[in-house]
Each structure stands twice: as structure tokens, then as C-alpha cells.
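Protein chains in written order, with the numbering used here: chain A, 1 to 445; chain B, 1 to 487.
These are calculated hints, taken from the structure and not from any lab test.
Just so you know, even glycine gets a beta-carbon here, dropped at the ideal spot from N, CA and C.
One or more of the hints may lead you astray.
Derived DSS-like pairs: lysine-lysine, alpha-carbon spacing no greater than 27 Å straight-line [said to hold, decoys possible]: (1) B:K408 <-> A:K330; (2) A:K330 <-> B:K480; (3) A:K233 <-> A:K330.
Computed footprint of chain A on chain B, listed as stretches where at least three residues anywhere in the stretch have a Cβ under 8 Å from a Cβ of chain A [said to hold, decoys possible]: (4) 358 to 368; (5) 385 to 397; (6) 472 to 481.
Covered, in the sense of this in silico footprint (three residues per stretch, anywhere, with C-beta under 8 Å from a C-beta of chain B), are these stretches of chain A [what the hints assert, rightly or not]: (7) 8 to 20; (8) 83 to 90.
Residue strings, one per chain:
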Amino acid sequence: MNILLQATTPVPRDIPLPLPLPEPLLVVLLVISFLAHIIFVNLMLGGSVLTLWAQIKGLKDKEYDTLAYEIAKTITVNKSLAVVLGVAPLLSINALYTVYFYSANALTGLMWISIIPLVTIAFLLTYLHKYTWHKLENNKPLHISIIAAAVLVFLFIPLIFLTNINLMLFPEKWGTVRGFMSALTLPNVFPRYLHFLCASLAVTGLFLFWYVGRKRYPFENYFHTLTRYDVKKKVYSLAFAMSLFQFMIGPVVLLTLPSKGVKWNLIVVILSGAAIALPAMYWMWKAITGPPELIDRHYRKVIAAMTITVLLMGSGRHVYRANALAPHKKLMAARTAEFESISAEARRNPPADDAPPVSNTTAGKGGRGAAVFQANCSACHRQDQQLVGPPVTEMVSIYHDNEQGLKSWIKAPGKKRPGYPQMPGFPQLSDADLNELTGYILSIK
Amino acid sequence: MDFPMFHLDWLNDRFLIAMIAIIHVFINHGLAVGFIPYITWLEQKGVSMAGAAQITDPAWDDMVYRKMKVAFIITTTLGAMTGVGIWFSAALISPASIGSLIRVFYFAWFVEWLTFVTEVVLIMIYFLTWKNAGRTLKAKLRHIRFGWFLSLFSWITMVIIVSILGFMMDPGNWNQHHSLLNGFTNPIYLPQLFFRTPAAMVLGGIFGMLLTTIFTSRGTAVRTTALKSAARWILAWAPVALVAACIYYRAMPEAMRFNMSTAVGTMEFAQYYQLLSYIIPGAVSLVVIISIWALLRPRSIRFAFVLAPCLAAFGFLGIFERVREFIRKPYIIGGYMYSNLLREEDYPLYKRDGILKYATYTGVVEITPANRLAAGRDVFMLSCSRCHTTNGINSIVEVFERVYGAGKPLDENSIEAYIPNMHNGRTYMPPFPGNTQELKALAAYIRQLQLTGEPLGGAQTEGVTVNPLNSMDAAVELMKKNESDEK
Numbered sequence: 001m002n003i004l005l006q007a008t009t010p011v012p013r014d015i016p017l018p019l020p021l022p023e024p025l026l027v028v029l030l031v032i033s034f035l036a037h038i039i040f041v042n043l044m045l046g047g048s049v050l051t052l053w054a055q056i057k058g059l060k061d062k063e064y065d066t067l068a069y070e071i072a073k074t075i076t077v078n079k080s081l082a083v084v085l086g087v088a089p090l091l092s093i094n095a096l097y098t099v100y101f102y103s104a105n106a107l108t109g110l111m112w113i114s115i116i117p118l119v120t121i122a123f124l125l126t127y128l129h130k131y132t133w134h135k136l137e138n139n140k141p142l143h144i145s146i147i148a149a150a151v152l153v154f155l156f157i158p159l160i161f162l163t164n165i166n167l168m169l170f171p172e173k174w175g176t177v178r179g180f181m182s183a184l185t186l187p188n189v190f191p192r193y194l195h196f197l198c199a200s201l202a203v204t205g206l207f208l209f210w211y212v213g214r215k216r217y218p219f220e221n222y223f224h225t226l227t228r229y230d231v232k233k234k235v236y237s238l239a240f241a242m243s244l245f246q247f248m249i250g251p252v253v254l255l256t257l258p259s260k261g262v263k264w265n266l267i268v269v270i271l272s273g274a275a276i277a278l279p280a281m282y283w284m285w286k287a288i289t290g291p292p293e294l295i296d297r298h299y300r301k302v303i304a305a306m307t308i309t310v311l312l313m314g315s316g317r318h319v320y321r322a323n324a325l326a327p328h329k330k331l332m333a334a335r336t337a338e339f340e341s342i343s344a345e346a347r348r349n350p351p352a353d354d355a356p357p358v359s360n361t362t363a364g365k366g367g368r369g370a371a372v373f374q375a376n377c378s379a380c381h382r383q384d385q386q387l388v389g390p391p392v393t394e395m396v397s398i399y400h401d402n403e404q405g406l407k408s409w410i411k412a413p414g415k416k417r418p419g420y421p422q423m424p425g426f427p428q429l430s431d432a433d434l435n436e437l438t439g440y441i442l443s444i445k
Numbered sequence: 001m002d003f004p005m006f007h008l009d010w011l012n013d014r015f016l017i018a019m020i021a022i023i024h025v026f027i028n029h030g031l032a033v034g035f036i037p038y039i040t041w042l043e044q045k046g047v048s049m050a051g052a053a054q055i056t057d058p059a060w061d062d063m064v065y066r067k068m069k070v071a072f073i074i075t076t077t078l079g080a081m082t083g084v085g086i087w088f089s090a091a092l093i094s095p096a097s098i099g100s101l102i103r104v105f106y107f108a109w110f111v112e113w114l115t116f117v118t119e120v121v122l123i124m125i126y127f128l129t130w131k132n133a134g135r136t137l138k139a140k141l142r143h144i145r146f147g148w149f150l151s152l153f154s155w156i157t158m159v160i161i162v163s164i165l166g167f168m169m170d171p172g173n174w175n176q177h178h179s180l181l182n183g184f185t186n187p188i189y190l191p192q193l194f195f196r197t198p199a200a201m202v203l204g205g206i207f208g209m210l211l212t213t214i215f216t217s218r219g220t221a222v223r224t225t226a227l228k229s230a231a232r233w234i235l236a237w238a239p240v241a242l243v244a245a246c247i248y249y250r251a252m253p254e255a256m257r258f259n260m261s262t263a264v265g266t267m268e269f270a271q272y273y274q275l276l277s278y279i280i281p282g283a284v285s286l287v288v289i290i291s292i293w294a295l296l297r298p299r300s301i302r303f304a305f306v307l308a309p310c311l312a313a314f315g316f317l318g319i320f321e322r323v324r325e326f327i328r329k330p331y332i333i334g335g336y337m338y339s340n341l342l343r344e345e346d347y348p349l350y351k352r353d354g355i356l357k358y359a360t361y362t363g364v365v366e367i368t369p370a371n372r373l374a375a376g377r378d379v380f381m382l383s384c385s386r387c388h389t390t391n392g393i394n395s396i397v398e399v400f401e402r403v404y405g406a407g408k409p410l411d412e413n414s415i416e417a418y419i420p421n422m423h424n425g426r427t428y429m430p431p432f433p434g435n436t437q438e439l440k441a442l443a444a445y446i447r448q449l450q451l452t453g454e455p456l457g458g459a460q461t462e463g464v465t466v467n468p469l470n471s472m473d474a475a476v477e478l479m480k481k482n483e484s485d486e487k
């Protein structure tokens, strides 16, 4: 870490409560639930991009319009799963990285909270698009614009998440960041974004391969010139091309990572992930270039290998985070412990003026009434000067022979004078305190 | 203290959470918990009304399907996103409290998440298989059974959520037990659950009636039957809702006593509480009147007539939520953390040394005459800004002007005398945490605000200034000291 930055790098205190579960278990939950969430996000984003593409192509070839409709039907289901599955990793990262995550959220706050309305709008657009397919049959430009708008939002949202996830790793930047745009331009956001987009298209390609290939899927009812093999080959080729591209963008992501979290453990995890993807690439290549009847041959193996790759890449992501934040977490733990001990010390020796609650004072009769007055009344009432409420002398003139009346007024005041704010009631005063108080008030001349 | 302070200086921070949360509750109660059983009941009615040769009455089934489609689209977009939005907004505005709650109730929320995932999957299956299920009677009956199952599931989700709402109201127990069971044993848990169930059903029914007026043409048999069905549904649940509302209404002051040893009778609470006593009979009688009308004269019912009771019913739920939130004050986590996000147990330290010294983000640590206003601004941000703005909703200037007279110049000395004692009279206010110097700086800042109207930007636009006492340099020194102490 840069020595010069140390003066402006905050070391906040952590939440002084133990973690709800053992840390390794929380990490496993975080990594797995995050991957489950992101897979459906991939399908939602990849599905809408492909829908848009197919529908535009469908302007000339009706078969592609049908294909677009078939893909569109999957978006609305996948997006619902993407949202609900997002809650568990959100909870887990909140628990594990409370200070880091929330600080990044606050520093990019307006854009962060905009995720809610933006995604809501994009979701509504996907429904509108799906349910107006036949109604807008003759107004394709409008219909395509609807899905295009949704795609734009879907493409933008990951940038907000990535900016946050990136910013949380760098407390040394928190003092210099001014809003979302400045956090967006920190190194590594865009390479990771590109990495994510390619993954989305690759995952969607693999998903559609299964989706259109299912036995129960009545492909022939929908399509007349396109064959099952055509579509499968296309989506498989997409998955292959995008995976190939990942082999180029991956190293860029790794190289642009700030060095503070890069360690051998990270390199090993990432390289193993990449290595396991290699046979999957080979099987996909064989299937795409081989005879049509053999296209399904290695699909299960491809999925198995890619699943392991995704698990390793997801773990690598966590390893980097853990590496990068370890020293700062240690400092934060030390500060938290120090604060807890001085706070405990201050509790044992409270400052004098704050120490005894009024009702426990053992001062003499007048003294206690005065103390009750000081704590409860003096903010608004002075002896002979009007402040918020009337002066004490005026109370005396009204209630000098009606102590009971004064007591009931204090417990439950009414509204008497125009121009004065209404007095709050004090039903919480004990009878003993109230006696002392009214005695004290009426003793003032 | 330890988080950059996100702050909306016009809208008010709490208002953001409230807005998102109330939309979510409306959708959850009115379009899921109360609506799905209503829809399933109608679907079942369609089968029993069908002729011998039919599986279901097609026109009727299509109408019910379209209603479900509305609920499906809204719950899986706005409903789901506002649910996530509660997390997002709470993390922005109350990071210390939501962070603490997650440390303790992670497991509870995890279980709730599991039921939530199941609910979403079920709702998708229920809606997306609707058309296919119409092919055979057996499939249709299975679909209806599925609907009842889904209804039960949505209700269970609510059972858990209400307990999570409840644990924040049970102060003493937070410090002792740290467990979700407090949520279930809270004095208003059962009244709340008992209230929410029929209230949701009434909401579902009245919303269903509103949709009927949109999806059916006037004078058709389907419309008449559907309006009458909704009316019967509402009339069955409204008396239960009324009784439950009264029980809940009477349980609230007790919850207040449990919560704040000192607060039963504050004016502000009394105002809301009184409002409830008008709204309960008002809203219930409105929905009952429209229902009886729909039973007797179904042909004359129009969209506009149903809209008013529908809005009243949603308002009825909204005001209950507002009162429930009020019960929590002055704490955000009962007995543990005040609504300014400071722990009660740290108060002696803050009183002694001031809060600025321990704040991670502040531009001022030592207060001097030159930096007094800047210090006051930081004190305001740290101890007031969760609920007050400078010049927007619930602005600090306005609340003081309400006390001392609108438009009159605020007197710093009076403010200084008032603030340390305000929690005695206004028991929903947390005590002022800082020391005397900080108090003076705050009073000067408030007076300045009255004169200049200058806005206060949050961390999301202004960024943060790191307190040198809490920087990495200082932490490194602390580490070195700890290490040499060990030797």
C-alpha cells in the first residue's frame, strides 16, 4: 500500500458482534449462492440480448422472429429467479463484509439505490414485450424498441454492481471518491464488465442448447425451415466463441487487478479454472464441426467441466477479495477492540454531569425537585422570562392554591394559548417526582 | 460513525425506506397473501359453475386468469424489487443497525429467504401452468389444489416476516438472548399476525373487485357473479379484520410501555394513535358498504365507486405500519441502538470525549471558533441526519421554529439549553450524544441553517473526509503499541 495514502485511508470500526456462523461456512454460502444468482443473471441478460438480435434478424426472416419469441419466454422466468436468488448472497456479503460493502454502497448511493427502479422498469418492459408480441405484430419498430430499452438497462445494471464490488476492496480510495462516476473509473471495472458480458452469452448459449433440445420441446410446431440442429449448432457456436474470447479477456482482468490481493493462491485457483475449461472447449469444437447426429455427444461433459470452471472462478474472485482486505481487516479488528475497551472504561466512570438519573438523586427536598425541573422543564421554562412556554412565575400565579391542578396539567397538558406550541405530557414522572416538582415550582417566588 | 453517511437532504432518509417498504407491504398483502387465496377460490368456483360437458366456465376462467396475470406481473417486478429495495435502502441509511441485525438474525433471514424462493417458484408454476391445466379436469383440480398450497405458503412467509418485524420491538431481550424467538413472543406478535391476515384478505378482495370492473363489460353475467363473489369474500373477512384491528389497536400502548419505559403519552404518538381510531371504522365501513351495494345492485357498480374504498383499505394498512414504526422510537434496535445509529452503551464515552473524536469520517476533530460551523455540520450529520434534513422534510430548522415560533430568529442559547433535555419531554427523541462543545457547535450550525438555507450533501455526492485519528496511520500506531504491549 502506498505510504502516502495512509493518512487518508480510513480504518473504521467493525460491527462489534460475532459473525452469525463460522466464517468459512459463510464464505461457502456466499460463493455458492452468488454463483447460483449470477447464472440466472447471465441467462436474463444473455437471453434479452439474443432476443433483440433474433428479433431484428426476424424482420427479414420470420423464423428468427419465432426464435426471438421462444427465447423471450425464458427471460421473464430467469429474471424472477435471478432476483430471489440474489437475496442470499446479499445477506452473506452483508454479514461478512459489512463495513466494506456498506461503505461502497453509501459512496455510490444514488446510483446504488437507482438499481431498484431501473430493474423494476426493465422487468416491466420484458413483460410488456412478451405479452404484446401478437398485438404489436404489425408495429415491429415499436416492439423491438421495448426489448432494446430493457437490454440497455440490463447492460447498465452490472456496471453499478461491479463498481460497488470493486470499490469495497479499496478503502484507500474511499476518501477520494465523489459519487458513482468517479468510482466507475477505478481500474479493473471495465475489464471485469467485459468478462461478465462474455460469460452471460456463453452461459445462455449452453442453456439454449439444452432448452431447444429437450424431448418435450415441440420444436417442429414452432419452426418450419430452421431445424433443431441449426439452432443447437448456432447457440453452441456462440458459447464456444464467447469462451474463446474469455481466454483473451481473462488475462487482462488478472493483469489489471491492483496487486495488493494477487498472491500464489489466486493464480493457482484461476489457472486451474482455465485449464478445466480447455477439454470443454475441445468437446464443443468436436460437436460443432462433427456430424449433426453427434452434436449432443459431449454435452454433459461440457456442462460438468464448465461448472467446475465457474466454481473455481467464483472462488478465485473470493480469494482475491480475502487477500486484498486481510491487512485492513486486521487493523479494523484492532481498532474495534480498542474502542470497545475505552467505551467500557467510560461506562464504568461516567462523566459527572451525566451520571445519576434524576429520580435516583438523594439530594434534599428542594434539591430533588430542582433536579427534576432541570431535567424535564428547563428547556422550555425559565423563572421569570418567557422562553418556549410561560415563565415559572406565571405558573405560580395560576396554580398557587391548586397543586393538584398543576400536577394533572403536567401529566396531560391541553392546548391553551394561541401562538404557543402545545406542551408534551409527562406521564412518565413518578408520583414522588411529581410531588417534588410541583412543590419546587410553587415554592418559586 | 463508521460508515460514510448517505443523506437525502430534501426527501429525508427515513422517507426513502418508508416509501419502498410501504409499496412492498401493499403488494405483499394485497396482491399475494390476500389475493392468491381469493383467486384460487374463484378458480374453484369456475369449475363448480361449469356445465356437465365442461371442465370450467371458459369466460369466467379467463377473467380469473387475467386478474392473476396482473398480480403475477406486479409481484414479480415491483413486489420483488421493493423487497430487495428494503435491504438496499436500509443498508444505505441505517448501515450500523441493519449490519447488527444481520449478525444476529442471519439464520432467520436465511430461512425466510428459502420460503421466499419457494414462494416465487410456486407462484410462477401456478400462473404459467394455468392454461395447460385447463385441458383435463384432473389437471385443473390439481392446479386448484396447488393454488391453495401456494396460498398457505405465502401466509407462512408472512408469519416469519412478522416475527422479524417483532424482534426489533423487544428491547430488553436483544441484549440478553439475541434470538428470533423474541420475535414470536413479543407482545404484539400475535395481535399483529391476527390483524395482518384478515386485513390482507380484505385488501385482496377489494383489489379483485376493482380488477373485475376493468376486465368485464357492464351488464354481463360474469361481471355480476364476480362482483358478488368479491363482495361475499370481503364481507366474510371484514368483521374479522375489524375485531383484529381493535385487538391490535389496544395492544399497541402496551408495546409502547415495554419499549420505552417513559413514553406512553407523547403527543406525536397520541396523534397517530387517535387517527387510527377514525381510520379503522372508516375504512372498514367503506369496504363493507361497497360490498353490500355490490351484492344488492351489482349492475350499478363502476370502477370509480370501487376505487375509493380500495384506496381507503390500503391507507388503513399504511397507517398501521406508520404507528408500528413509531413504537420503536427512540431506538432503532430496542434498548441497544438509538435511531441515530449510536449504541446506548457508548453514550458515556461520547458525552465525555465528544462524538467527533470517534467518528471515522469528519473534517473537524478539535473544535475552534474558526471551524465551529463545520464542526456543527459534522455533528448534525452524525447525530441528527438519519431523521432530519436541513431544509427539506422534517427539517431541523422547521422543528425548532415550531417550538420557538415560525420565522422568528432562533436563539442559540435556547437551543443549547433545549437539546440536552429534549429526550425527557419528547421521548421519541434519542438523547443528544455529544459533549458541550459539540452542542454549542450544533446550535450555531442550526442557527446558520436558518439564515442561509445551505443544503447538506451526503457521502454519495460530497464524498468523505477521513478523520486522521481513525486513519490507517493511527491504526498502524495502535498495532505497534499492541505488539510492544504483548512483549
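May I ask which of the numbered hints given earlier this structure violates, with the numbers listed in increasing order?
-> 1, 3, 5
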